[in-house]
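Chains as they are written, first to last, in the working numbering: chain A, 1 to 382; chain B, 383 to 654; chain C, 655 to 965; chain D, 966 to 1397.
If you're looking for bench data, these hints aren't it; they were derived computationally from the structure. Note that the Cβ used here is the ideal one computed from N, Cα and C, for glycine as well. Treat the hints with caution; some may be incorrect.
Said to hold, decoys possible - Covered by chain C, according to a simulated footprint, are these stretches of chain D (three or more residues, beta-carbon under 8 Å):
{"no.": "1", "stretch": "1000 to 1013"}
{"no.": "2", "stretch": "1051 to 1060"}
Stated by the list, open to error - Anything over 10 Å on all C-beta distances counts as not near chain B; from chain A, calculated:
{"no.": "3", "residue": "64"}
{"no.": "4", "residue": "66"}
{"no.": "5", "residue": "218"}
What the hints assert, rightly or not - Here are the computed lysine-lysine pairs in the BS3-like style, where the Cα-Cα straight-line distance is at most 25 Å:
{"no.": "6", "chain 1": "C", "residue 1": "710", "chain 2": "C", "residue 2": "916"}
{"no.": "7", "chain 1": "C", "residue 1": "916", "chain 2": "C", "residue 2": "677"}
{"no.": "8", "chain 1": "A", "residue 1": "234", "chain 2": "C", "residue 2": "916"}
{"no.": "9", "chain 1": "B", "residue 1": "562", "chain 2": "A", "residue 2": "62"}
{"no.": "10", "chain 1": "B", "residue 1": "562", "chain 2": "B", "residue 2": "537"}
{"no.": "11", "chain 1": "A", "residue 1": "350", "chain 2": "C", "residue 2": "858"}
{"no.": "12", "chain 1": "B", "residue 1": "543", "chain 2": "C", "residue 2": "690"}
{"no.": "13", "chain 1": "A", "residue 1": "234", "chain 2": "A", "residue 2": "186"}
{"no.": "14", "chain 1": "A", "residue 1": "306", "chain 2": "A", "residue 2": "350"}
{"no.": "15", "chain 1": "C", "residue 1": "677", "chain 2": "C", "residue 2": "710"}
{"no.": "16", "chain 1": "D", "residue 1": "1155", "chain 2": "D", "residue 2": "1225"}
{"no.": "17", "chain 1": "D", "residue 1": "1037", "chain 2": "C", "residue 2": "885"}
{"no.": "18", "chain 1": "C", "residue 1": "885", "chain 2": "D", "residue 2": "1045"}
{"no.": "19", "chain 1": "C", "residue 1": "710", "chain 2": "C", "residue 2": "690"}
{"no.": "20", "chain 1": "D", "residue 1": "1037", "chain 2": "C", "residue 2": "812"}
{"no.": "21", "chain 1": "A", "residue 1": "138", "chain 2": "A", "residue 2": "306"}
{"no.": "22", "chain 1": "C", "residue 1": "858", "chain 2": "C", "residue 2": "885"}
{"no.": "23", "chain 1": "B", "residue 1": "537", "chain 2": "C", "residue 2": "690"}
{"no.": "24", "chain 1": "C", "residue 1": "812", "chain 2": "C", "residue 2": "885"}
{"no.": "25", "chain 1": "B", "residue 1": "543", "chain 2": "B", "residue 2": "562"}
{"no.": "26", "chain 1": "C", "residue 1": "677", "chain 2": "B", "residue 2": "562"}
{"no.": "27", "chain 1": "C", "residue 1": "858", "chain 2": "D", "residue 2": "1045"}
{"no.": "28", "chain 1": "A", "residue 1": "306", "chain 2": "A", "residue 2": "234"}
{"no.": "29", "chain 1": "B", "residue 1": "543", "chain 2": "A", "residue 2": "62"}
{"no.": "30", "chain 1": "D", "residue 1": "1377", "chain 2": "D", "residue 2": "1037"}
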Amino acid sequence: MAIDAEAALMTLLERCHELALRNEVPDDEYPEVIGYFPVYFPEEIVHAAGLRPHALYGGGNKIEVRLADARIGSFVCSICRSTTELGLNGTLRGMKGFFAQPICDAARHMAGIWGRNFPRQMSQLLLLPQNANSPATKRYVYDEYQRLRSELATQVGHEISDAAIRASVHVYNENRRLQRELYGIKRDDPARLSTVEAYLLVRAGTRLRREEHNVILREALHLLTERRVHPRDKPRVVFLGGFCEQPPLEMIETIEDACFIVDDDLLIGQRWILADVPEEGDPVWALAESYVDRSAWSPVQYDARKPKGEMLMQMIREARAEAAIITAAKFCEPALDDQLALAHRLNAEKIPYLVLEFEEKMTSFEQMAMQVETFAESLLFQ
Amino acid sequence: MQYVAGIDVGSTQAKGVILDEQGNVVGEALLDMETNMGTAAERVFALALASAGIDADAVAFTVATGYGRYRVTFGDLQVTEISCHARGAVAAFPATRTVLDIGGQDTKAIRIGPSGEVVDFAMNDKCAAGTGRFLGAASFALELPLSELGPLAMKATTPVKITTTCTVFAETEIIGHLAKGRRPEDVLMGMHQAIATRCASLVRRVGLTPEVTFTGGVSRNEAMVALLQEVLGMPLNVSPRAHFMGAIGAGLYALDNARAGRRSVRVREAIS
Amino acid sequence: MMLVAGIDVGSTYTKAVLLDEMKTVRGTAVRRSGYKPAAAAAAVYDDLLASAGVTKEEVTYIATSGYGRYMVPFRHTQITELTCHALATKYHFPRVRTILDIGGQDIKAVRIDEQGRVRAFRLNDKCAAGTGAFLEKTARYLGLTTRDIGPYALRSEKPVEISSVCAVFAESEVINHLAAGIAPEDIIQGAIIALAGRSVQLMKRVGLEPEFALVGGMTQNPAMVAALEAKLGAPLHLPPRGLGQLNGAFGAALLGLRRVEKLLAEGQPIPAPGGNAMGGTGVTRVRRWSAWMPEQKVMPRDVPAALGATG
Amino acid sequence: MTAPYPVLEGVDARTAGQRLINQWLASLNTAHERGQPVAYVFVMGNAVEILRAFDFALVFPEINSLQTGVRKASAEFLAKAEDFGFSPDVCSYVKADVGLMLSNMQHPSGVTMPMPDLAIASSMCNVYIKWAEIWERHFGIPAFVLDLPGKRFAHWQAPAGSRQREADTRWVLGQLQDLIARCEQITGRKFDRDRLAEVETYVNEMVRLWIDILAFNRNRPAPYNSMLDGLTYMGVLNAWRGTREGVEYMRLLHREMADKVARGVGRVPNERFRLIFSGTPCYVNMRRLIELFESHGGVFPAADYLTYAAGGLDSAGIFYDPSRPLESLAEVTTLAAQFGLSNHFFSHHTLAQQAKDYLADGIVYHGIKSCRTVATSMADNREYVSTRYGLPTLYIESDLIDPRYWSDAQIKNRIDAFFEVLEQRALLANAS
């Protein structure tokens, strides 16, 4: 019985793995695809247009970067490189649009690179604000969302009705609730659901219409309840640094060999909105307001209400973690700046932490394993 | 009978050639770099003279190229190796439109115009600096002489994938793969493929136009030649004197000057 | 008499130490790891037994360390080199709080507490990989062997500045200095000073708490030791003669000894070799999704059907 | 005739400019003793007009940092920041500034930099915001992030009167009102519209002259080198923006350049090649870099830097309407952000246009190690411009002020080769 459930769960996870790490957007892809660069994107508006939002999380460590190196400066992170490569080598040729946001200077350049190289795709910046603290902020986000709405309407050749957006909000609210449940398991019973498994389940959603993803998540949550677990003695840690460029699966596995990751910011854009978006009233306003008042945090969004050190301490408290692993992707300036501030804060709080640097394209993890094990050993020797 | 000289002082080797009035190579010499580039240049020049069987007075003009070009005290003129490799390649293969040179310090792709002039060139960006040194790193990690790397790589059956563009990380990667028990030939082939890929992207940067001529010492590595032909999808011109191309180009520039009636003033002092 | 072996399988050298219950060194062995660490470990272990004049049967426990720690099938347990260095250094110098290890591939700084537990550690930033290997390469440009580096560098009167963080740029700097006709000893000494500077910076990142110790191969390089002490303005403890390179193996053996004592105290049998990892560290019972390859591509629209199959 | 300004008397514009810069720096020493509030601002999108209206003393941390480079002190300041824990990959301006904080604000210019009462970070460079967060933690003052909506894509336009133009202007105006409230609270003074109008009149005049001054370099030979003398001129434009001294200086500069053009005097004795510079300077080696070009008779008549680092008003020839100072400030700031400041991301057409306007023989791209704002897509930009417009281009890499990323041999090699290419082209052009 439980064995069958386990087998079914594995089959489900294999599907998710295939979807999650799938880069291709072929010409005949249907529904048509609008790609966006991390972190957050108001997918509901794209969904309501009958298109499929497609989160671009780089090429991973399986693709070979041949063309993009000639287009991008030396000291720029891997996700910009590999995403450009996927464009130049035709992997994303079926994409109808590309959106980047002002999360960092490199990301803003992606819109320019895309516009120069792929004139047939709509390539734009969605200018989400870096000032979340003005009385005028919500109105501006609202206006920018309305701009997006009309750009997409032109793309599909018909207006996008409030009703349609409201329906999408409904689907996404459920999706976010299911993701919160998943993370609840990771926090309360980490042996039941590994971070890699949770990761694959969440990332699969970036390759599906959300209603299909909801089916998968419901199924997974059901199967997980029947799972047999062997509790193991591993330190509980939170993981930071996965909000944009994605650490390779090997890296997450290397960490979980020695620790339980009980909370993280992996794919944080997928659960950026922390509570249900109101399903009545003007749906675009509801989305804008949720972005400003009910959203997560990352090194690339400034909000005076969310000092990074405080947010980390809150995360550690709520996850009942004893230590933190704060990573940064190579050349990711926002993460590197925060990494130092967070380290100083953790020193002050006397909370053990491990600092790691990664690249999505890395393939050897020996040195990382040594560091993670040493860290775990130092925690277990307490 | 008047002669000219081309001296190419690179980071790992010094090369010298003597050309006659028709631009034929009548003497050549190659030296592994020693701690003083200036004296290396003088020694390689002396050896080249000896192999040509002439003495310094017979040399009308000398052009120096390569990173050490300003260390060549007896040089009458300095020209960068970009122009020199282009000139040498075109002399060897007149239909050359693209030149690739893998050097110790820089890898260069050069686009040649219809009249043999340099139209555009690209060099590796900083983080891919010394792609040529990948091989040095490999020989360091595998404790094998450079000359044996190519042949061994050819034996590969399942090459590993080297993802990094950085020589430093590459070394760690090699050691990692070897530690995991991958066979040296497969790791080596992986290295060669990584280099070939990077060079190809550099060539594309200047626009890949046939014919392509491959110059510099690495062109003697048959594994590399085979791979480059594969990734570029066209044959490469490789001269038996490929590693002298810079020096020969320098010699040809010297010949222009000699023909224009300019005469060296510095050779005698430097040598006597 | 009880014997415990510690084997440190490093990227360049594999080292082994045999301790008895009095923590006295009964034997040591060192070999180049080459690119077959497992084989090297086995060979080194034989050398070790030979050097101590004992048989396999007489050895109670084997602890491995270094990046090849999992590649030794006959081990009882494995532990990382940092934890080993901490234990060994604390054993030799109880007052040391900050340890520096300059290896072939990376630089490590470790802060330990009074009981020799690792409290914080940092490895060099990838782009600051100016490591032992960089020094060896510089030496080769200058036609020197690794052994000559120290003595040769000490001759330098006005060391040249090598500012690049990146080893590749630094190598170019070396070449350009050569092109400029600078004396080799001044260049190699410049490289040493640069490397010392980066090492001390790393030590600062873990708090730079005195006293300080240097472990690993670099202990054999007098110029490097001098440069580090100059930068620190404080003396460096070096592991006892002959043990510098063996520090990791020594620590592994100490830990092995500690384990055996614990097991005996609890009246438990010594387990058979086969590398059960401490606290589950490093064991991989879980499925490796990173290694799993989908056999055929699945288009998103196929998924609901697929779900029907599973549910 | 205006009142005399002794610093401007009897010297050339470059010297006068350096004097003004030093005078401004020196004045910062005593700002707090004078009871003057201090604001930290950046060169791209800073609402200086409002701060002047409240009589803030202005500190430009970017200028402080580049000055550590100019004064060859950057290495030690960077080392301090990296010892403190900053990665080598972080913007070297940020690190030099952290180095300054760790040195009790003792700046190599001899000035003790005052602590900020207010810090404004615009969104024109994301690092500004991370930088401001460092101040929040270090000085304990809340940052004011001024979010300026720029271009959405290369040919994006928001025509006057369009819904889009209104939306963006409304957003900027709203934030300027927040800023005014913040200033009133800090200074205890009420906002003075007339004072703002006066400042704007000065800025208008300075920008009018600046646009001419840029245009003077369309002449052959070019009267000044954008990336050497031009940097000093722009320094004054930033530090004395919206002041009477600033206007006087621009007049002096204008006269000098007009005269040089009239007499056909060029910056480079024998100007042979005219090149557009794209990217920021490497202040620690700028003289050397320029010398490597000028030794071949190469001059930079224009550089995109002189637009985006100068406030961007010149980019669209836009001016304030002092009769409605605040509304106009919002409108113009929005346009400047769109056309001037957010231009890095889509600058291919602008560069090609500059090459045309300034009769350039090629474009030099200077990739900056630690500045992704200018450097990320330069190689792609170069690809586009050289294939699309057949312009010879050169790509070199170093850093703003980090001497470790300047490799003289490599850079000289590339520049020499580039001029050999230009020579060959010229030869062939004459031959045919």
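Going through the hints against the structure:
Proximity of the stretch 1000 to 1013 of chain D to chain C, defined as three or more residues with a beta carbon under 8 Å from a beta carbon of that chain, is not established by the 0 residues found. A count of 3 residues in the stretch 1051 to 1060 of chain D with a Cβ less than 8 Å from any Cβ of chain C is obtained; the coverage claim is therefore met, three being the minimum. Residue placement check: residue 64 (chain A) does not keep its beta carbon more than 10 Å from all beta carbons of chain B (closest about 7 Å). Its closest Cβ contact with chain B, about 5 Å, brings residue 66 (chain A) to no more than 10 Å, contrary to its assignment away from the interface.
Look at residue 218 (chain A): its CB is around 37 Å from the nearest CB on chain B, clear of 10 Å, so calling it non-interface holds up. Taken as a hint, the residue 710 (chain C) and residue 916 (chain C) pair is honoured in the structure, with Cα atoms around 22 Å apart against an allowance of 25 Å. With a C-alpha separation of about 15 Å, the suggested pair residue 916 (chain C) and residue 677 (chain C) falls inside the 25 Å cut-off, and the hint holds. With a C-alpha separation of about 21 Å, the suggested pairing of residue 234 (chain A) with residue 916 (chain C) holds against the 25 Å cut-off.
Proximity of residue 562 (chain B) to residue 62 (chain A) is assessed by CA-CA distance (about 18 Å); at most 25 Å being required, the pair is judged to hold. Taking the CA atoms of residue 562 (chain B) and residue 537 (chain B), the gap is near 19 Å; set against the 25 Å cutoff, the hint holds. At roughly 18 Å between alpha-carbon atoms, residue 350 (chain A) and residue 858 (chain C) fall within 25 Å of each other, so this suggested pair holds. Among the hinted pairs, residue 543 (chain B) with residue 690 (chain C) is consistent with the structure: their alpha-carbon atoms are about 20 Å apart, no more than 25 Å.
Of the pairs offered as hints, the one joining residue 234 (chain A) and residue 186 (chain A) holds, with about 14 Å between alpha carbons and a cut-off of 25 Å not exceeded. At most 25 Å may separate the alpha-carbon atoms for a hinted pair to count; residue 306 (chain A) and residue 350 (chain A) meet this at roughly 21 Å. Distance hint between residue 677 (chain C) and residue 710 (chain C) is fulfilled; the C-alpha atoms sit about 19 Å from each other, no more than 25 Å. A distance of roughly 46 Å separates the Cα atoms of residue 1155 (chain D) and residue 1225 (chain D); the hinted pair therefore is violated under the 25 Å criterion.
A distance of roughly 22 Å separates the Cα atoms of residue 1037 (chain D) and residue 885 (chain C); the hinted pair therefore holds under the 25 Å criterion. At roughly 14 Å between alpha-carbon atoms, residue 885 (chain C) and residue 1045 (chain D) fall within 25 Å of each other, so this suggested pair holds. Taking the CA atoms of residue 710 (chain C) and residue 690 (chain C), the gap is near 22 Å; set against the 25 Å cutoff, the hint holds. Distance hint between residue 1037 (chain D) and residue 812 (chain C) is fulfilled; the C-alpha atoms sit about 21 Å from each other, no more than 25 Å.
A C-alpha spacing of about 17 Å is found between residue 138 (chain A) and residue 306 (chain A), which places the hinted pair at or below 25 Å, so the restraint holds. In summary, the hint linking residue 858 (chain C) to residue 885 (chain C) is supported, as the alpha carbons are separated by about 12 Å, within the 25 Å threshold. At most 25 Å may separate the alpha-carbon atoms for a hinted pair to count; residue 537 (chain B) and residue 690 (chain C) meet this at roughly 19 Å. Note on residue 812 (chain C) and residue 885 (chain C): the hinted pairing holds, with a Cα-Cα distance of about 17 Å set against a maximum of 25 Å.
Between residue 543 (chain B) and residue 562 (chain B), the direct Cα distance comes to roughly 13 Å. Compliance with the 25 Å bound is thereby established for this hinted pair. With a C-alpha separation of about 33 Å, the suggested pair residue 677 (chain C) and residue 562 (chain B) falls outside the 25 Å cut-off, and the hint is violated. Taking the CA atoms of residue 858 (chain C) and residue 1045 (chain D), the gap is near 11 Å; set against the 25 Å cutoff, the hint holds. Using a Cα cut-off of 25 Å, the hinted pair residue 306 (chain A) and residue 234 (chain A) is violated, with the two alpha carbons roughly 30 Å apart.
Among the hinted pairs, residue 543 (chain B) with residue 62 (chain A) is consistent with the structure: their alpha-carbon atoms are about 9 Å apart, no more than 25 Å. Our distance criterion of 25 Å between C-alpha atoms is met by residue 1377 (chain D) and residue 1037 (chain D), whose separation comes to about 20 Å.
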